[in-house]
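Undergrad: Chains as they are written, first to last, in this note's numbering: chain A, 22 to 381; chain B, 9 to 1084.
Hints were generated in silico from the structure; no laboratory data involved.
Pairs of lysine-lysine, DSS-like flavour, derived with a Cα cap of 30 Å:
1. 47(B) to 99(A)
2. 138(A) to 53(B)
3. 53(B) to 16(B)
4. 252(A) to 377(A)
5. 135(B) to 99(A)
6. 53(B) to 166(A)
7. 170(A) to 138(A)
8. 176(A) to 314(A)
9. 53(B) to 99(A)
10. 150(A) to 135(A)
11. 134(A) to 166(A)
12. 53(B) to 176(A)
13. 16(B) to 99(A)
14. 309(A) to 377(A)
15. 170(A) to 53(B)
Looking from chain A toward chain B, a few residues come up when the C-beta cut is under 7 Å (computed):
16. 29
17. 30
18. 31
19. 104
Among chain A residues calculated to face chain B with C-beta under 8 Å, some are:
20. 26
21. 34
22. 35
23. 75
Since we're looking at a predicted model, the values are computed, not measured. Idealized CB from N, CA, C, for every residue including glycine.
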Amino acid sequence: MRRMSMELDVFVGNTTIIDEEVYQLWLDGHSVSDAVRMRLESDALSECEASGEVLHSDTMDQYRTFQMCERLLHCPSKLANQLLFQIPAHRQAMLIERYYEFDHTFAREVLGKKLSKGTKKDLDDISLKTGVALKSCRRQFDNFKRVFKVVEELKGPLVENVQHHFLLSDSLARDYAAVVFFANSRFETGKRKLQYLSFQDFAFCAGQLISYWTVGAVDNMMEDMDVDLEKEFLHDLKDLKVLVNDKDMLDQHKSLVCYQLKGKIKAFSEMEANFKNLSRALINIASKLTNTKDVRDLFIDLVEKFIEPCRSDKWTVGDLTLFLTHYTSTAHTLEMFRFQILWERYMGVIKSCILKMYHD
Amino acid sequence: MPGKLKAKIVAGRHLPVMDRASDLTDAFVEVKFGNTTFKTDVYPKSLNPQWNSEWFKFEVDDEDLQDEPLQITVLDHDTYSANDAIGKVYIDIDPLLSSEAATVISGWFPIYDTIHGIRGEINVLVKVELFNDLNRFRQSSCGVKFFCTTSIPRCYRAVMVHGFVEELVVNEDPEYQWIDRIRTPRASNEARQRLISLMSGELQRKIGLKVLEMGGNAVVGYLQCFDLEGESGLVVRAIGTACTLDKLSNTYTPATAINPCNSSPSKDIKEAGFGEEAPGVPLSSGPPTPLRAQTFSSFSPSKSYSRQSSSSDTELSLTPKTGMGSGGSAGKEAGPLKALLRQQTQTALEQREFPFFTLTSFPPGFLLHVGGVVSARSVKLLDRIHNPDEPETRDAWWEEIRQEIKSHAKALGCHAVVGYSESTSICEEVCILSASGTAAILSSRFMQDSALDTEHRLSRQQASVFTSGAEKGEGDMGSTASLGFEDLMSPGCAFCHIPYDELNMPFPAQLTYCHCCRRYKVPDVLFTTIDLPTEANVTGKGCLIQARLCRTKKKAQGEGNATAISNLLPFLEYELHTQLMNKLKLRSMNALFGLRIQISVGENMLLGLASATGVYLTALPSPGGIQIAGKTPSDITYEQHISNMQKKINDTIAKNKELYEINPPDLVEEVIGSPIPEPRQRSRLFRSHSESSDEVSELDLSHGKKDAFVLEIDDTDAVEDIHSLLTDAPTPPGFYSCNTEIMPGIYNWTSALQMFTSVRVFRLSNVNLTNQGLNKVFNDLCENLLKSLYFKLRSMVPCCLCHVNFTVAVPEDELIQVAVTAVAMSFDKDQTQENGRQSIDKNLMKAITENEDQLQFPLELSAESSSNPLNSAKGLSEVSGPLPSARAPSVDYSSFTDRCSSWIEQLRLKAHTIRCGSIKTMSSLEKASPLPEGRSRSLRSNRSYAGSSVTVVKMTPLSFIPGTKIIKYLGIINMFFIRETTSLREEGGVSGFLHSFIAEVFAMVRAHVAALGGNAVVSYNMKECVFMENPNKNQAQCLINVSGDAVIFVRESELEATPPQPHSASAQTSSSGEGT
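So that you can see chain B by itself, here it is in the shape it has in the complex:
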């Protein structure tokens, strides 16, 4: 009997009137877990019953604890007829199963009914007592922590990143089991909600088992989705990244609570500091990169190898024992050594079936090189599944796609895929499976066999426990160690260097020397699915870039339909890519982050929506302009037209440069001169045909140099393209937007935060639309939605819409649905210019000096010789080799993906990961770590907000909340709701219906978080919003699936208010002492 679940029903409030005669309700509660049910007494004639029940105890297996939700049903007692259900509450007790998460669930939960929505609230208390039974053969995976966050969670340190975990479970969909009988909406909806809850629990348990097998203790970047396949079943599937995480202990040494992951706001500040530097005044620090290079070059270049010898320092045990010599090796050795190391990493990764990572930002030193976006799609027929009730067929489908992704990555010279995600789009019996990610090269640091490392870790932990005083620097040290691995050279540009052999490039690309370090080659454009690495050198600000496309399709059935879709997909993707490229250039930017391409299929159309955040990476060459070329230059008016358009484009580019503050620092560098003259000359040579970038800062409108992107207007399509390019309205003043976590160039976030969801459904009545007509409709829909958002949030200006996540769907023949979830965050503009500037400079200085102190390990200056070929780099030919296609019933799509991949492969890059600066800022922040009392105080104050009895719960799709520090993760929130109405008009029509449903979902998420003791949800995501209506029958139904991480945060201002710890100061000195 491994666990005892205890529940107590305290009270209810705001209950609905169930007895019309008395205007009151005789409520009682059923508490159900598994097959056991308890009941409270009836509390007669009250809308605010006080049951104050005994503790209901369920003795259950921990397997059940993981799978089952606690089900609470509130009913109205009726002596003569059947009791009426008021509503239900499902409580996921998983957070109680991990010792580090919540200990009790206690609070007011909305009582939810799928027909009536929220009907009052109920106060519930839930506890779990777990008996450890280590000898048992484990079916459960209690204690494995799950995080939706796609980076290492804030109060943890990654010890090991084990890799990809996935699972998929199938069941019959209760919605389709009523066919012969009459469907009773409430019963059907509740069966579905319960089933998905069960399946989610099972899925999580199974993934947890895999994680335990791998030796991990957590899943990061957990993404769970469900596919409503219709009659073939209901699929719940999940992917994630298994990790071993160490909780940064605050108890002993608050100062060590260093966040190994680098995207806290403070880090943003730092990071922004780098970006700021580039366009900054020449005399402020000169070109940043050479300066840094000098700093680093004062260390011995072979530093990474000293790390490998475990004798030198126990903390370095994270690196593999390669048997390489310890410190002192000359700089020239670095190249070959590195190659060897990479080989090692590669083998480590190749042993894995899928070297995939759902993370989008990484612990320092983990991500070395970024190769580019890889994606694969496949069209399948759901009615051809042999065993619909078994997961095998779907497993095989995904396996196939993952193999393809893997081979694409390989062809890009990369051994891993990061920022990996999977999705589906279903229309009737056709299902499009999609997967995408970013090919990358990773450091082996977090990936080798763990046994030895674990020992070291243990001993280290002990050490830190015993030496709480003087060793406060432990955390700092740790992070230094972790950042100090191999790539400490030029920060912020290394990850842009190409990973593949330039003589044997897998695709045609323009390479230039890196504009930061002048030593390595970089491509002209870089597309990725990950977040902008915090250390990246960025010029100016970024912006949201979207490509939107709509293609009509003939209605068809079965295989014919699938073939038609397969044939359309490549064109769709190609055009999306062209649009992205054009829009990127129009904004004078050269890289995309967070790229997400969604293809949605309907009966008679395909929708494609690509969203990404465009930035100007300082390391990459300045993009040329866009040049329009007419096909037949005979006609004068035609030429005039062309030149008008050209002028418009040039004007837009100039305006955008100003708007996004893109002033590449080339000129400055030119004048001041680089300390590494030779490579720079080479780069000049190489760039001889892209000199236009130098004039860019003078706002040269011609752009007509040789590297300009040429758009040929040879048909109406191209004209349309250009029009659509120019019709994107600029964001209104004071607004910025991005779909990544971090917006380069913005810091000084205030605490003002507004997460929102907006949904629009557009009806195309009269459907004889051309592709262009459809495109315009779709484009306008998205543009108008954005305009509305800017208007609604105008009071938050200056502000940035972050993590803007669009999802499109074709719910019915003539409907297009667009849903957006994002967070608007205000920032302080003035401070940016004045105080902010100062503090940033200060931070920067501090960071630099502290870096010097901290880099006690010799640095490897040349991380990699540019001529070092990747073993895995293969020619294009191999990429385009068709994958074996099989499976008769499904239409195979591999030949298409190959075509597709060729364009994708034109975009890639690589990365070195240097986080010295950011890490340092983190640690300086940590100095202001809270005293425990400070923390509890602020928590209390937060809960008792303005005398209201309701805890304020913040929600954000980001993994952090600016100006705050997350001190505890309470568990994953993964909720699925169905709402249905048969009185649509009475509920305010479809808009009224959905408006209240979304508000209800938010309310239920907040209530669950508050009951866990939390005050925020981070990494919030609305994964699904399926809306169906039948206005003629006055009916509508909607399914929403949301997820996120419940956390406790405290304000940094409150932390700072507490006196700084004397320890941290000593830690600082001690670490610097070691450094010298």
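Chain A with its partners taken away, still in its complex shape:
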């Protein structure tokens, strides 16, 4: 029996050939043989009548190319002025974007966790839980870490920093901003009660927080960064306590809201009965945000103190929208209430977060 083997097999193009499908397979963490099998099974290549041998050779070449490119992808701006691979600009953008894309199920698991070695050790479990291949988990985790490390110390708007340094699309840069923001503030997202929330839900909330509650939100000239919530603002939130501590004000607020909502929402009676509790919940959350621990618990608090009561009373989203709108706006008409701007800044974010989070 003859035993012969291909010792060496390479293909190098002056313009680097990148097969997007194979790239995805590589990114998804499939081994060469898995990738070959999947390509053989896919319909897309059936017309080429490619044999396993040809596919194996091609897949190997592609995988090697990706491995060589990976080093550059870690610092995407290098890809544009490196000389080793001649890749058209739009292909470069594709390579980078795809490399930094992540599975939301994976990101959901890591969200709010410290991007440390410890978390990295848990990746096996996450891989098992999410069905994302371990290799891919590692890449995604490393991407989070890399982006975090770079933008953590940078000044200026977070999203733009991510975009500028990693040449990502706007939406992907926003997602990374969310990941970085959550990792930095270590928001609690892992509690059982929060499990129903998706990555997109949190990303949206992160976007709101970044846009309105950080230093950069009020003053882009500030030499501070977007990653942290504005301390001063959080401190000032204590002033909102007046809304629940002042009995008159609370009553007045309630009657104004009830007046506005009467006949407009189905859960009116429940709302009327619960108004003080709900208002107290929101104001309490606000007043406690000076504590790092309580900042971390922002989302669990919102769920436990506000969303769950509403849900058990079977509020519709429409009900909730109307309630929050009028709850916010009527406060302005309270004669004794002086913290209009602060209130608006707080409630704007809280309202949109709650609405985003209010689903099953």
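Please build the complex by placing chain B on the supplied structure of chain A, with the hints as guidance.
TA: Frame of chain A; chain B shown alone:
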């Protein structure tokens, strides 16, 4: 002090971390030229240092400027220990020495280390100030331009083709100078790289001197190779064709920038137009040839002679003064006159030691007749060289081979060899030297003594300078003049006419009358090493044809080994030839172009690989089918087997005809009738036994007519042959392939271009293989490689792999290495059928009408009387006469080459060269010549591609880039790299190692081109890829040698966007006015 070299080190980027503690690097740079070294300051703690150094000035002889590279070394400063080298950049400053090439080298160069590969980049600025010192006895040849391109470069015009230049230099190989000490890989590799760079420079300088001596100013088709002989030395040798080139000036008259060489894409279109015509609808234009013949016959037939009288027109000064009467001589004179002319050419050529030309395509009117392939091989023993350090022995070896080639050509009735190349294969102490080319007859137009001509040229140039306006037609005129020489008769078939006397044929061949003009004889099959002449009439499309062969050989040493190889070679060549023939017929084609036969020798086997592009030349008879004949027709099952096989073959032929669109126009012609009835009748008579060709278009599957090629199955070998014939997988739909520059039948190239290199090494473990087993392995290796290529490039469909260049090697006992470099080019299929068709028709019409306008010189209708014997045509007997063999130590091989040559000689043809059509298209293209601003604009836009800081550099093995116009040649790229690793596994194994090395080589080529200000490399060639591995020691080493021409191109679409020049229109009219 004839020159001052200035260098400035600007900055570095992406440097590697050299100090683990700080994760940074303290880099500085040493700049060395000759024995002078300068240093920059240390730029501390940065991976992106900004040195911004002063100008380092080297005052040097221009001799050194030519030989030496500028050597830039980047180091990491270390206070306590020795500075660590990061890597090096070698910059060949030769391009700066020619006034027409680059003026400055500026850009980012990869910093290369032979152990670590590319480690960051460095930005360098280099300039040269030359002081002209004309009185000096010249050791240097600054200013002689070198081109790898094997045709006249695009923006030049050939004034004179002087002929063959060669040179060879020898040195000790540094790799073998460490024997007593420990080999330090980096030092050894760098010494080798530097030595080869030096030797290349020296070689180029010496060849330049020869060119100057001959009165030329350029070398075209420059091919430099190195032979790693091992302990006997390191040889760098080069061949080329010395020319005098005129730069087509764009400054004054863009419209005159006519490309005298005819293979720009536009010309392809034109050329394709001719091919298209043949299989086309009968009513489109009828048989093309008679039509053209009529057109031409309206001119006086003696036109070529009017050209010779210089009084008639200064532009005609290119032709020799023969003292023949000027115009008006009757057509009958043409024959004898022509013979005389040819004699003249011949003497002109015979004065030369070697009338060889490395060109593969030719200026119009230069190539008259193609005789066939000539080749010679010789086996030598390297350990028997008396003076290994001196070049004499090798010179003698090559001299011997060239003499042989020359005598073969002579025997074929030809006085020149074109498409000439030389190669070696070395295994231990055995070296096979090979040379091959195409015997041809050339016009003397570019070859006579130059003095007078130069004067004329000068005056002409002046004229064109002074008359920039109305004389815009100058270029057109020039090209018309150049094409108008002697062979303006039937375009596209003349070069197929046999050059030799049919009554005294040097070999047995079937002659028929030319299927185009019906006047001259043509052979049944034609093999050549040149590119398909652009004017050739081709039916259908072409395809890559390969013959592959593997033969086992006993391990042996010294003379015994050499003898064994010598004995094997003839069989190898014979079988390769048979395979080629069979495969050609299987595709129903009748000619091969670009034939390249590579024989590679290993310890225990010989590999033979022949590649060529098969086409159906309209002028040649339709090939018969392949008929299988069994030896013993007694057994019924056996007969059935045979008939099954016959059916398979017939089916394949039919399929191939469809695939390659081969529908010879015979039937059409038959119906319409030829305007020249008499010769046609004769041809019919002659062809009486090859009538099957007429039924071909009806897909007659029998093929069993008398002219069928008979394959006798009398042994297992033959069965194998047939199997291998049928196992060649057809190219997948949408793909075509060829190893020449141009693919007949394809035009409308898009700008999508992908040059690539693919390398495979196959290990034959368990070596008790039979020849057949080996053959199968080798065949599968090549076939699978092609399949992989088609798969990889599937996104480019419809596309053609052009200039597919296979090289095989036996790097070790059980390894077979195959490397391919080619370019995939997309074309627009729909356009071909619809718009393309229209535009082609239009082009064609235009070309024809313009031809009429332009052929202001009387045309010679009968270029040559077919009974005119060649003086040099000799009988076979002379060919087979043994050459004097000498030299005791080397095994002589001449008797073999004779045997060999006899088969080669069975294939030949001849050519008339008519380029009227193509030239015209060129000029109509030229009308859309750019305004200077347009050019610079497009250049800029090209450089600032999508905001990236890296210039996109295209690379192609072809001499052109479709849809673009080359506006400047910046100099030759000739680079040699060694890469070695002692951590093979960590670098991804052998594949990972070689993959990154090839990518690095591409990157360095691109960087050098970009630094010269260019945006493409044309005629790119990977001449050497020597790969050695030792997996057990986790080591591997690879040497790569690449070459090409750095150019600036601009897109034709951008050129067209600029308003057409009013001048060119007037030029058109003025020239036509002259014509009448």
